[in-house]
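Q: One-letter residues, chain by chain:
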Amino acid sequence: MLTLVIAAAVIRPMFGYSSAVALAASIAALGLSNGSNAGQAISEAIVTIRAERAASSMGGIELFSRALGRSATQIVAFLINAAKGTPIASFIGAPELLSALTDIASFSSGRVTIYSLLLIFYTAVVMVVVWICGKFRSFLERSHAPI
Amino acid sequence: MLTLTHTLAYVLAIAIGLLAALPVQAREDQSPDTALAGLLQEARAAAPGACTLPGIHRLTRILCSGRIRIGVPDRYPLFGIRRGETRQGYEVDVARAVARKFGVDVEFVTVNAASRIAMVADDRVDLAIATMGHNAQRDGAVRFIRPHYYQSETTLIAPRDLAVAEWRDIPGQTICVTVGNGSNAELVSHGARLMLFDEAVLLPDRLQDQTCTLAAQDDSFFASYFTEPRFADRFTQKFGFGQVPWGMAVARDGSEQLARALDLVSQTFHRDGVFLEFARVNRVSAGFLERQNAVWQRPECNTDAGSTNLACILPALNTTLQPTSFADHVTAFESGLEAWAGIDLALPMLKTASAWSLFQNGVVNSLVLIAGALTATLLVGLAFGVALGSRFRLVRWPVRGLTIALQ
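Protein chains in written order, with this note's numbering: chain A, 1 to 147; chain B, 1 to 407.
Treat the hints with caution; some may be incorrect.
Calculated lysine to any residue pairs in the SDA-like style (CA-CA distance at most 25 Å, straight line) [stated by the list, open to error]:
{"id": "1", "chain 1": "A", "residue 1": "Lys84", "chain 2": "B", "residue 2": "Gly172"}
{"id": "2", "chain 1": "A", "residue 1": "Lys84", "chain 2": "B", "residue 2": "Ala371"}
{"id": "3", "chain 1": "B", "residue 1": "Lys238", "chain 2": "B", "residue 2": "Gly191"}
{"id": "4", "chain 1": "B", "residue 1": "Lys101", "chain 2": "B", "residue 2": "Ala371"}
Not close to chain A: a few residues of chain B, all C-beta gaps over 10 Å, as computed [said to hold, decoys possible]:
{"id": "5", "residue": "Asp233"}
{"id": "6", "residue": "Gln243"}
{"id": "7", "residue": "Lys351"}
{"id": "8", "residue": "Val380"}
Think of the hints as simulated: they come from the structure by calculation, not from any bench. All values derive from a computational prediction rather than experimental measurement. Note that beta-carbon positions come from the ideal geometry of N, C-alpha and C, so glycine has one too.
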């Protein structure tokens, strides 16, 4: 949340307010907060593999791709977290579904249905993201099975 | 000869005098005052015999009983307030003046926004003067009196130093509003983000504790707050929109005579500045009433047909949003589901063009946001992973610092 507010505060004076700017700020904030955690998981895997294979001459691309395979589960967890966290973008005015449905609820009846629909939408989206990430993780693990 | 000339001159003078007086007489005959007096006289004449008859007109019944039941609010500052047995406010004063005009006593009945239409329709009050905006949807439920006795608008309230003066300053602003307010759709269409509240009374407090930077609500609601120096020093009305005429309302059935009499009363109250005086006494905004005072003094409006003259009266506000091409199918589906399974489903996002557009944009933007967030997370993760796993401190340390800050 704090990252999101800071991203909005930095980007708005530079580009003014627009829907695109709010979306860009939200993407940057979500990418940085979840990506930094994923990056730390990858780096820890790199350090571990490096320690395990101290005697070997492994390095560069090979080391990195093996680290990816080892940290795949954590990377996937942070990707899912990023997808689940997107409704928070409404906090800085990004015109996503939560924001749109709040606007619709302001001049319509049927708030229960409106927000139930939001729940269904995000449940479906997260299920799709989990499925895609599962495929991605399988690919990483197959490609770089631990030696 | 001289006598003949004098006689002719007298005759000519009398003829000219009669000709000049005829239009005035005609105008007086067509005045709302004459029409009202005639209507009341007719009803009074029928009263003794008709009082015991079933299904008599409301006006006759009011004259028979010697009292008129008028629904007014009791917790709407400046318009209708009740302290013990004492009622005061603009609408209370109007109600008393109407009763005086009919020569009957007034019996006040408390109504609120939820009950006022039902109480008029169910004959629990003869007349409602209860902060009721006249819109086309309500025309089917009650008969509104023309001309309208007041007009309000939605006003945007904000701290004095906030640079908001017109619609182009609105995109991206978060505005506190009440759920179901008819002006919310217009705010949304201008790019405002809305924070919803169930009750208007929460808005002034949320402005003062800075939860809300801007609040939008009927100007008649905020009028009383601006009489408090502490509030008025900090906040101001930035601009208004969505004007709504307020109408007195009677039942649609059995009220033809009463409605006609009230139309005429309302006309004369505007023309004679009665409404204007009540507004000033109660410190209610009088701009609309000043304009109406001028309108109803015009010869073409100051007639017994003035209340049906489209050049004099205001139209009802049309708040109907444009429906989607498939709105009927959605309504049929909702009704069918309720009839079949008893499920009360409402799908407003599919029924009006503005809601449908918002919904579609919301879905597309959410998908873009999710795809963007996943891509950004992956790219940042890979970049941070490489940097944090680097053997070079100059690369590793700054990124470690950034990671700690982000976490």
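Q: Now tell me, hint by hint, if it's right for this structure.
A: Status of each hint after checking the structure:
no.: 1; hint: A:Lys84 to B:Gly172; in the structure: 24 Å, holds
no.: 2; hint: A:Lys84 to B:Ala371; in the structure: 12 Å, holds
no.: 3; hint: B:Lys238 to B:Gly191; in the structure: 17 Å, holds
no.: 4; hint: B:Lys101 to B:Ala371; in the structure: 69 Å, violated
no.: 5; hint: Asp233; in the structure: 29 Å, holds
no.: 6; hint: Gln243; in the structure: 17 Å, holds
no.: 7; hint: Lys351; in the structure: 8 Å, violated
no.: 8; hint: Val380; in the structure: 2 Å, violated
The earlier numbered hints that this structure contradicts are 4, 7 and 8.
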